[in-house]
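Protein chains: 4
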Amino acid sequence: MTRGHRGIMVFVALVAIAAAGGRHAAAQSPSVAGDWQFAQDIHGNTLYRRLSIIINESTVSGTIGSESISGTVTGNKIHFTTRSEQASNEFDATLTNDVLSGSVVRTGRDDPKPDRYTWTARRLPAPRSGPAVRHEFVPKTFHRVFSASVEPVLRIWPGDSVHTTTVDAGGTDEKDVVRVLGGNPQTGPFFVETAMPGDVLAVTLNRLRLNRDWAISDDALMARAMDSGLAVKMKDVGKSVRWKLDRDRGVASPDVTGGKLQSFTIPLRPMLGCIALAPGFAQAPMPTGDSGPFGGNMDFNEIVEGTTVFLPVAQPGALLFVGDGHAAQGDGELNGNALETSMEVEFTVNLVRSKPLASPRVESPTHLMTIGLGGTLEDAMRRATSGMTQWLEQDYSLSPSEIAMVLGSSVEYTIGEVADRNVGVGAKLRKERLAPLKR
Amino acid sequence: MTRGHRGIMVFVALVAIAAAGGRHAAAQSPSVAGDWQFAQDIHGNTLYRRLSIIINESTVSGTIGSESISGTVTGNKIHFTTRSEQASNEFDATLTNDVLSGSVVRTGRDDPKPDRYTWTARRLPAPRSGPAVRHEFVPKTFHRVFSASVEPVLRIWPGDSVHTTTVDAGGTDEKDVVRVLGGNPQTGPFFVETAMPGDVLAVTLNRLRLNRDWAISDDALMARAMDSGLAVKMKDVGKSVRWKLDRDRGVASPDVTGGKLQSFTIPLRPMLGCIALAPGFAQAPMPTGDSGPFGGNMDFNEIVEGTTVFLPVAQPGALLFVGDGHAAQGDGELNGNALETSMEVEFTVNLVRSKPLASPRVESPTHLMTIGLGGTLEDAMRRATSGMTQWLEQDYSLSPSEIAMVLGSSVEYTIGEVADRNVGVGAKLRKERLAPLKR
Amino acid sequence: MTRGHRGIMVFVALVAIAAAGGRHAAAQSPSVAGDWQFAQDIHGNTLYRRLSIIINESTVSGTIGSESISGTVTGNKIHFTTRSEQASNEFDATLTNDVLSGSVVRTGRDDPKPDRYTWTARRLPAPRSGPAVRHEFVPKTFHRVFSASVEPVLRIWPGDSVHTTTVDAGGTDEKDVVRVLGGNPQTGPFFVETAMPGDVLAVTLNRLRLNRDWAISDDALMARAMDSGLAVKMKDVGKSVRWKLDRDRGVASPDVTGGKLQSFTIPLRPMLGCIALAPGFAQAPMPTGDSGPFGGNMDFNEIVEGTTVFLPVAQPGALLFVGDGHAAQGDGELNGNALETSMEVEFTVNLVRSKPLASPRVESPTHLMTIGLGGTLEDAMRRATSGMTQWLEQDYSLSPSEIAMVLGSSVEYTIGEVADRNVGVGAKLRKERLAPLKR
Amino acid sequence: MTRGHRGIMVFVALVAIAAAGGRHAAAQSPSVAGDWQFAQDIHGNTLYRRLSIIINESTVSGTIGSESISGTVTGNKIHFTTRSEQASNEFDATLTNDVLSGSVVRTGRDDPKPDRYTWTARRLPAPRSGPAVRHEFVPKTFHRVFSASVEPVLRIWPGDSVHTTTVDAGGTDEKDVVRVLGGNPQTGPFFVETAMPGDVLAVTLNRLRLNRDWAISDDALMARAMDSGLAVKMKDVGKSVRWKLDRDRGVASPDVTGGKLQSFTIPLRPMLGCIALAPGFAQAPMPTGDSGPFGGNMDFNEIVEGTTVFLPVAQPGALLFVGDGHAAQGDGELNGNALETSMEVEFTVNLVRSKPLASPRVESPTHLMTIGLGGTLEDAMRRATSGMTQWLEQDYSLSPSEIAMVLGSSVEYTIGEVADRNVGVGAKLRKERLAPLKR
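Line order of the protein sequences matches chains X, A, H and W.
Counting from 1 along the first sequence, just add 594 to a position and that's the residue number in our numbering.
Counting from 1 along the second sequence, just add 594 to a position and that's the residue number in our numbering.
Counting from 1 along the third sequence, just add 594 to a position and that's the residue number in our numbering.
Counting from 1 along the fourth sequence, just add 594 to a position and that's the residue number in our numbering.
Think of the hints as simulated: they come from the structure by calculation, not from any bench.
Take these hints with a grain of salt, some might be off.
With the Cβ distance kept under 10 angstroms, some of the chain W side facing chain X (calculated, not the full set) [claimed, not checked]:
#	residue
1	Ile636
2	Gly702
3	Arg703
4	Phe740
5	Arg836
The list that follows gives simulated cross-link-like pairs (lysine-lysine, BS3-like), each with its CA atoms no further than 30 angstroms apart [claimed, not checked]:
#	chain 1	residue 1	chain 2	residue 2
6	X	Lys829	H	Lys854
7	H	Lys838	W	Lys1025
8	A	Lys949	H	Lys833
9	H	Lys833	W	Lys1025
10	W	Lys838	W	Lys769
11	W	Lys829	H	Lys949
12	X	Lys854	X	Lys833
13	A	Lys827	X	Lys1025
14	H	Lys829	H	Lys854
15	A	Lys827	A	Lys838
16	X	Lys949	X	Lys1025
17	H	Lys1025	W	Lys1025
18	W	Lys769	W	Lys833
Values in this document were obtained by computation on a predicted structure and should not be read as measured data.
Just so it is clear, CB atoms sit at the ideal spot from N, CA and C, and this is done for glycine as well.
Make the full structure from the sequences, and use the hints.
See the structure below:
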């Protein structure tokens, strides 16, 4: 849907540049130059970073993660250093069988005693030369945590698409079969080749369609949305409610008899409640009802067909999860459940190398959107605002003063959800207003 | 604009019924029956309520405020009682020169000692028989508090319209003359005949137009919208910014030289930052930067031409204030100032008798909206939700379960403002979704 | 009680220095030099500041408010200037009959058009030469707003004491006579000679004693303290509860029959719920249920006999209000009412000239305390923390790093109240920990 | 330390009763009667509950979790039912080799289609007959998640004590050896025999002592504690700070040279930042920086030697974790780190069968305390208040009205921490005030 619109073109271009850079470096020094998946052992945990080595004669330059390196190479031995205000790190390694292995000594500014760690690095694959692939994927297992410890179900390349399905939040599939315990079980994770921590994964939802004729919801209101008086008024509600999904007419209606909602219908607007990458270094598995900078159970009703979701990569391969489809959802997901249903999903992944991303982003044909997630609406709003500020700085080079003027005159806020541990606020800017600002 | 749409018709009908009721009652017993402006002295403060007396032979029934009365009338003496779980009140009075004067004794449930107060009541005017009037009003003074102690500038009737102007938030008028100290100085208050505490005033904004070619704003961001990192980033901004208003093209642009915003424009969308009634019994004057259930400085960017704002009447005559026009405003009013400008305003008032209203309401051609105001976004959201719940109960007779389903599937939230002591959240429902629900 | 403790000595010293400075300046140039009550008219509102003029030959230096002035004097004409990053101001005046009157032209950095205002200045009285006075004051009227528009009931000097009484929050005095409508009616305001905006008033509570044998409270819980489940559980409570105050034994007990609280007693700990100065320039009267940087209805149960409360002066004479005595109060004032009672009060005022104060402060024999007030506990906590930071900077010259270490290791927080529009958080530091830090 | 005080006696008594009941039941019908560890498979996850069966002839009564059962037994086959407003459950099983195995069919009120699950049950051990044991435990591994999937390190009985050590939050032990990656690594988990979901574990900290002479902290302030101005002021701090711990003098002092804190000392007050039980059914492992109703990283500085912590059991064996010792901590843990150090710990566990517990509780010699944990201070305060309400209902049988009066007059609040995802508020009541209330 958004294929060909400007945001995606930028990624494709960036990926192409990255790819060219990789090839160029490789040409100069086949032995050590190029991109590596660097893995440092820290008390039994593995810290991954992309190590990009450029060799000019015996001089080493390049980057590790977001830091610059400088050093020397002699035969199969390499030495390089990073320096920051906090600490300096000395890396030494030997290349054997195309694997670098060695150690790093970190000397902190305020720390009297240096720390020593071991590391290895394996070559990241060269960019794929062939055309993008559309994968048909039938899920067999579903996962209840976002975690790097879950084995990937499929390895794909930037540019590839995956056509698959998701079960509903309760674990039931399109054939009304319970496949797994509820709590937003996920399809995936999908391993994206060459993705490394510090990159951004762009996931374009080409297709997001209903694949059954009913959804499940309830008639409760989240405590967070109720003042004391409303809590007393609502004290006796809270039962499950089934909704009928009429895919032909494009509407949903509650499957109730009697009462005032006999002819109440709402338009279908299928969305993904969950889209996430595996969280980063040494983080505990995150339950699929939770969310964070890596995405997760954001329940943001703008994540619909035709949008692209941008998430920060924190693990090699990114490890993309999708699930928790909603046939439609009001702002806030006030019932705790939206119209929970199984879903047919097709998405395309693209990779932006080395770009800081404070909050999840969504781009629709009309809007730039950032999602702020936090324990309170104020925190969530601040993060959404901060995330949009970062976007305007990165892509439009606006000054703080200019950012304030654009946001003050043009930002739109919506309350994404108040149903989970994190609440979510969306900050939105119309792309047509930003178009005249020279990038 | 919304003239003739359904909401307004309801009020007109209600007012007509009320009028008929009043006349009918008057016919039966010209001496005491009818509607009165009841005024009770409570330690030097006056508590006003509407007293509606119905006489059947020597028996008294009717209402005082929202309570039922029952009693007897003998010659020019009346006695009646109200009873609630909390207290009983015994009222006695004598009619002299068409004024009731007497006393009331209140016996509280938990209070050993009854309290005695004096009261008087003056007849409320009979509904006007003639056609609605359009008043041309040129303001000479402007007020910096919402208060019943400010002398009304004009007395109007339900159904009447007023065409007037407002100065900008800084006190400057359409001719660039500073008329008053800044802080949202108001035009008004307008006294609406027969309006009494417990009623609802419906203010339809027929016309809301710019009357000058510039607005003033700034390039700060409200502390409430910034996390620590953003606060540090924004630490040096905060200057005034002038915007050009192009009324022909319908756009505004910042009047800056250099930088990235040379060709940045936003659509004009004139709105009223303030619309308020005087607060109620014994309340201190409220500064015009503040807000509450009575309205006030809500800075809600949906209060535009063509909408009707509903506010609870807390003082005889309602005492309507308008001011703080914005040429346009992003959600949240993040700069603290929107595009502040003077404005041409025309509004029509209508009265709904005796209707509880927990939060300000706005009706547009497409949406029902409630505004929640509170010290935090959570509180504001709860109040907006509670207010919408009340609307769905009152006008659609929905049960708690049905309300939960309608809100969960269909509510839209927006963050009105975070610039003032109270923040505001708007809850919105599309009228087309509610249309099939039988009223 | 705290007489003679260190904090007070500092003020006395500061006042003495200020007094000496004043006299010294006066000796050099009797005509214009010295301290003035400067009053600038801004669109009908009066902005007061202290103008301190030092004359050296024909050269003018000194301060107006917190800004430096420089200029010249020629005969009875004076000209001086202030400059900041935001604006420059040119002041001109003529001395006639010991009154300065003239104008000021303000040119803002971003403002094309200068503004012109008129001003006058009257000489502030010289410090009193005689001994401090103890005033016996019997209140006749009580006030329901904190406001500079309320006429002072007594003029006192720094160093003076006042012995008086307060009615309870409901307006009832020690003889069970209702004196005024409830809502925390106040005794005062007391005008403190020479106090000017920018100063700090130190109010030491020498005596705070019960003067009747009962208090009134209730059995509700504030909505803010209840989650949904608790709100449902508490839905039927909310009646008035009388407490017996046993002044001999020093305890209070609920006056209930039956139930589990027959022998429940709590220690008496009389406190002032309200202590306030009049709010500043062009501010609306503030209801006595509200609070802000000027103090007000803080309901902080550490404001007991023997403490000193520091408040920022915002009006000439400071205009001190006291009221809302509580025989005892739990943290948070969860019932909305504490043990509300009338009170005998004696306090001493002292003045600290020209000291910024972000939040109200309380000093007890053992603790420094700041009170943060805001719409949410987070905001209140931030303000209390910020206020304590300011105190540590001002009086202990600590660096940001040192402040962080002192607070992180030693701060104590308490929740003062959640019963009013502003909630309050107290930040406390033990004075014994700070004693070794060289001032 | 608190041995012999009243709370503990109650548990001992309760445990004794439970034990007696168990034995009695066992005597009647050795085959099926008694307490079982019931384990139901729900889509690959195991739900554990205590199943207590009482046999009277062929009639079955008793409980499963908090629900009553009724049914029949025939030979080695048992059938029983639970009924609630939400659903009914029919259980069938066969006893083979002292293991029950069978199925359960759940029919939900609103659910057209019953669900069927399998289950097994193993006999819970009979109460231990011998004396309590003091275990000496030297930890070899440390864990960075609270989870039922971590293998227990030791099996103990109610009444037993464990003497052990904890590493500091950064993973360093008493000999300055880094043992594990930082992030509050835990000692444990300890399996408590017979503990089952629905019980409460009481952990008395008999001994909590420093075992090295230094702690690590920093000089940052948590963003949550700073308003915008303070954030700007603090923008350049954030380095590690070492503290010296003087165990003889009982004080700590920052190990800094220069500046104002040369002679700044604070009293040592060793506390446990983390104490937790494994979270319940199908929950993801919880990182050791997080907290919840099960306890966790609460950073509550009242959890010191001599207190008893009560936590709700959610897994068979309770699975107790301890760690994150602080030599001392200010309220709020404003630096993010307190004075982090390794610790010597001795605790005793006791079990209260079948008692609902909404929030963690702490009992000291002087106070009852509940800890509320949530995303915002308001939520945390509400939960602490709600938790205290539950305590007063359960142990003092107070009515809602009485609870309101006790809390309003006597509750004390403290802000435990604002350093983690959940913030914590402590609600406290003095035991001496509650003593006269008949239990």
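(message) I'd like to know which numbered hints this structure contradicts. Please list them from smallest to largest.
(response) none
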